[in-house]
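Chains as they are written, first to last, in our numbering: chain A, 1 to 524; chain B, 525 to 826.
Source of the hints: derived by calculation from the structure; they are not laboratory data. Please read all numbers here as calculations on a predicted model, not as lab measurements. Idealized CB from N, CA, C, for every residue including glycine. Treat the hints with caution; some may be incorrect.
For each label pair, taking beta carbons as the anchor points, the in silico distance ranges come out as [said to hold, decoys possible]:
(1) A/Leu443 - B/Glu652: 50 to 60 Å
(2) B/Asp588 - A/Glu157: 50 to 60 Å
(3) B/Asp588 - A/Ser194: 56 to 66 Å
(4) B/Asn734 - A/Asp415: 55 to 65 Å
(5) A/Thr463 - B/Ile667: 30 to 40 Å
(6) B/Leu793 - A/Asp365: 28 to 38 Å
(7) A/Val400 - B/Leu627: 52 to 62 Å
(8) A/Arg234 - B/Ile623: 55 to 65 Å
(9) B/Pro665 - A/Asp365: 43 to 53 Å
(10) A/Glu157 - B/Ile690: 54 to 64 Å
(11) A/Gly441 - B/Ala586: 34 to 44 Å
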Amino acid sequence: MLSPFRRVAGIVGIAVVATLGITACSAGSSDSASSGGKSVVVDSSFDLKTADPNREYETTGSIVAKALYETLLTFEGDDVTKPIDGLASYEMNADNTVLTLTMADGHVFSDGTPVTVDDAVFSLQRVQGIKGNPSFLLDGVTVEKTSDTTLTLTSAEPNPALPYILPNPALSVVNKKVVEENGGTATDADGAESYLNGASAGSGPYMLESFDVASQVVFTKNPEYTGDAPAYDRVVLRNVQGPTQKLNIQAGESQVALDLNPDQVAELDGSDVTVLSSPSRYMIFLLLNQDPSVSAITSNPDFLKAVKAGIDYDKIVDLAGEGSVQPGGFIPSLFVGAIDASDGNQYDAAAAKSALAASGYAGEDVTLNFPNDITVQGLSLQSVAESVQAQLKEVGINIVLAPAPVATELDAYRDGKETVGLWYWGPDFPDPSNYLAFTPGELVGLRAGWAAGADQTVTDLATAAKAAVSTNERQSAYAALQEAQNASGPFVPLLQPAQNVVTSTSITGVSLNPVWTIDLAGIK
Amino acid sequence: MSQTTAPASRPQPDVLAVAARRRLRFPAALRNPLAVTGTAIIVVWLLLALLAPMISPAGPLAQDFERLQPPSAAHWFGTDQLGRDVLARVLDGARVSIILPLLLVVSSLLVGTIAGSVAGYFGKVADEVIMRIADLVFAFPTIILAMVIAASLGPSLTNAVIAMLIVSWPAYARVTRSLVVVASRSEYVVAGRLLGNSPFVSLGKDILPNIIAPVVVLATLDVGTAILLLAGLSFLGLGAVPPTPDWGAMVSDGVQNFSSWWISVFPGLAILTVVLAFNFLGDALRDTLDPRTADAVKGRAL
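For reference, chain B alone in the conformation it holds in the complex:
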């Protein structure tokens, strides 16, 4: 209600101000305190993941130490039930637990966007077939469906990612389709078609630039969910195969050794920080790219 009336009641901004805001759009998003925090955390984690083999205090698989040592100067995060350094495993686990969900989100973005564009642009049979398949996936709870697929394929990271891809592309397809349906009726698209553009040129040149922003925001917000989903599958023993360090699997190890809190707390905190950071960034991007909330964001910019 307030959202629909707000733009009408707002005074018409002048053209120069609009242009200035356009130029500052991305920086404004980055200057938002939450976005800055989020980006900083993500950059730190990505660096740690890349540099893990160099900065790690021990090999992630080396069972060289005393078992179940609490955090100390020698082992900042303690050691686990097999005498492996938890810090080394958390650092190395970042390579699995962050990078794989990122790749997954990119792949489901690609698959979903293409499927959604085809459905929305061509309509008729293509639309019906693609959207009914998407409905089929939506009809099941995400984690349960992913579990069923991962369990039937057998536990491995590849299979977990395939399972997650199957459950996560329809969200993108559905959003893309609705955006494409609206955009393809626009006059500039119709004009382009009349000028002789093929459907794919039309989709790529005229429609894509106008729909990509919301989809990217959706993807950014989805990274957090993907990290949680992968960690969840690994926790259930359907993702990373031991001894691969993976945060979800490490939390599961910690549950076996309930009183050695450090085994699960540190990977748990790692999951928390990364998911939180991606959600901050996603929220900030959404606020900035959504014209209804852009002003409010600008007001909060540092």
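Extracted from the complex, chain A is given alone in its bound form:
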């Protein structure tokens, strides 16, 4: 009887001692973290696939690539309206077809060798050649070395978006010699991915210490980095889901949490943590099918007007919480060409009712399709759909919700079969030309049954916007395009949900950006 009891007591004793020891250790490490010299823990919900910068195109992948590598051009802070010099400076020719990049001196890779024009050309050609997820960024672009310091990117069509595309971490410059030694080529026979998942070959502020796609990525300071040295020697990026991130940041186990939704943020005590809320790059919109064979109701222009005036946009923004905004048009507020919410659609119940009366709508059910298993920045599309349904009910429009898993609903959306759809658009690069898809006969336009030639005014404005060269010209051309779309087009931009970053009070600054979410080297 006694001996098993003793054994149990012994085990309990050991467990207690071990727990105390572990607690002491972890307390020690978090102390050193908060004192600002050593390491910082960042919690993120992973969608990581690879640490090979030329293959990644995921949110977490961009965070990793941004920390390990540098790009030819980059953005300053969160301002994505103006590309600035990175590893190179740029010059665009008058008709936006040839981009000349001149390599800057003094950048070195983590193995001490200088970054040369050959590395840049190899990296960009590798992105194209391996035909990975980000390859489309350089579709139709020819990369050529023109001298020992310059390279040109030539497009057949005018491509004013190219300087805005180049800062994408997928277009990072890798060390050609190291990558080639490890099986890297600029074709789809490339075999360097597994090497790059174990070690980095870049000139960024950090080097890869360890990499596990499912649990965590550890970065150490790159001693050869030529820019401003990062404040922390070591960064641990961990895969943690939203609710646990909240607990971790409150307990001091992590210093930065990237994936808290607005409601979780609202529950945090402001004295323990710092909350940074800003509009995200995602734009949630309604589409009303303009194809009469899909729906005679939604293709009626008066019905379209009634829906646009019948939605209480402020209520939807409230639903999405602090930091979210209503975009004026389909271009999010962060980008060149964005228009103010006050110039966009406005809620006007009386106008909605009179437009509805003019449309001859007699209370028929209108189906609203949406994917019910995805969230945008922690906001479920179902909440938005239910809110829209209740608001339109008040002006007399009967919406029937038809939720489906995204895997099944996506086909109906892509084939343009949805009567009314609720979707979101994440830009591939921060340039308004990415949103020309929302015009007649283009990708998203066709999904709304908006065939080429269906709306000549909008098509003409889109052509003008595409041809505009200077930033000011583009700004006004895209603004005019969106105002025309708001007046007669099938898209109703509803919301840009917030991007929330929560940091412990020991962190004095983080550098956020819509393209790469967070620059780990910018954590201070």
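With chain A fixed as given, assemble chain B onto it according to the hints.
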């Protein structure tokens, strides 16, 4: 082992006592403490479901209130992510989450009993065909099969009920068949047939009254499972279409808003109480109707 020997070792009860027990059979079941609790909870929930529009503090779809309010005097169960009153939704949800499973159990009872009776009474080809179809359904895990059917039909309450009906009738068919096979060999059934009764008269008059009790017990026990199955389908987005209030769908909403515990706790408690109540009642009925345990039940009666 003990069950088979127990009746033999018991002293033979006298005829009067048996008659008295017969008369008291149903009341005895109701006087069992668990059965009383179960029945009371069920009656309360059915009343709430019927009276929901009258006693509800707000419309179940009205998004009139501040979002994500914790329980308070104004909103006893708090408000959800769209500013709807959770109490109103739980009450209204009872109409979907209790009534539909009840209807479902009745329908699968009917379908299963008829199929099982036909299989058991006529045997041969009818038996083989019906029972092999039942085996086919049994070969899949219930919830997975129901999910597949509901997903292929598209999400709606009607489709969820059809899916559940397809997966739940074979249990009744199988029990009924085995009871009918045994009963149809009884002398009184054979005698009835010799007197010229048609097969259907024989089934209805001679066999049905002798097999119905176990099937009803099975059905009562099954209500709880049906409620859980429907809530499960709705939780997965394959049952109730938003914004219809349904307890399973509400729990799912609560998962989206993890720290607002009241959104999912109250519908969750509602599911718990109803399922528990039906299980209490089903257990009590089974104990009473099973002659082997009837005595023990009588001993516990209030």
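Verification of the supplied hints:
1. A/Leu443 - B/Glu652: 50 to 60 Å: Holds: the Cβ-Cβ distance is about 56 Å, inside 50 to 60 Å.
2. B/Asp588 - A/Glu157: 50 to 60 Å: The hinted range 50 to 60 Å holds for aspartate 588 of chain B and glutamate 157 of chain A, with Cβ atoms some 53 Å apart.
3. B/Asp588 - A/Ser194: 56 to 66 Å: Taking Cβ atoms as reference, aspartate 588 of chain B and serine 194 of chain A lie about 57 Å apart, which means the hint holds.
4. B/Asn734 - A/Asp415: 55 to 65 Å: holds (58 Å)
5. A/Thr463 - B/Ile667: 30 to 40 Å: violated (55 Å)
6. B/Leu793 - A/Asp365: 28 to 38 Å: holds (34 Å)
7. A/Val400 - B/Leu627: 52 to 62 Å: violated (23 Å)
8. A/Arg234 - B/Ile623: 55 to 65 Å: For isoleucine 623 of chain B against arginine 234 of chain A, whose Cβ atoms are near 60 Å apart, the range 55 to 65 Å holds.
9. B/Pro665 - A/Asp365: 43 to 53 Å: violated (35 Å)
10. A/Glu157 - B/Ile690: 54 to 64 Å: Cβ of glutamate 157 of chain A to Cβ of isoleucine 690 of chain B: about 56 Å, so the range 54 to 64 Å holds.
11. A/Gly441 - B/Ala586: 34 to 44 Å: Given a distance of about 42 Å, which is inside 34 to 44 Å, the answer is holds.
Of the numbered hints listed earlier, those contradicted by the structure are 5, 7, 9.
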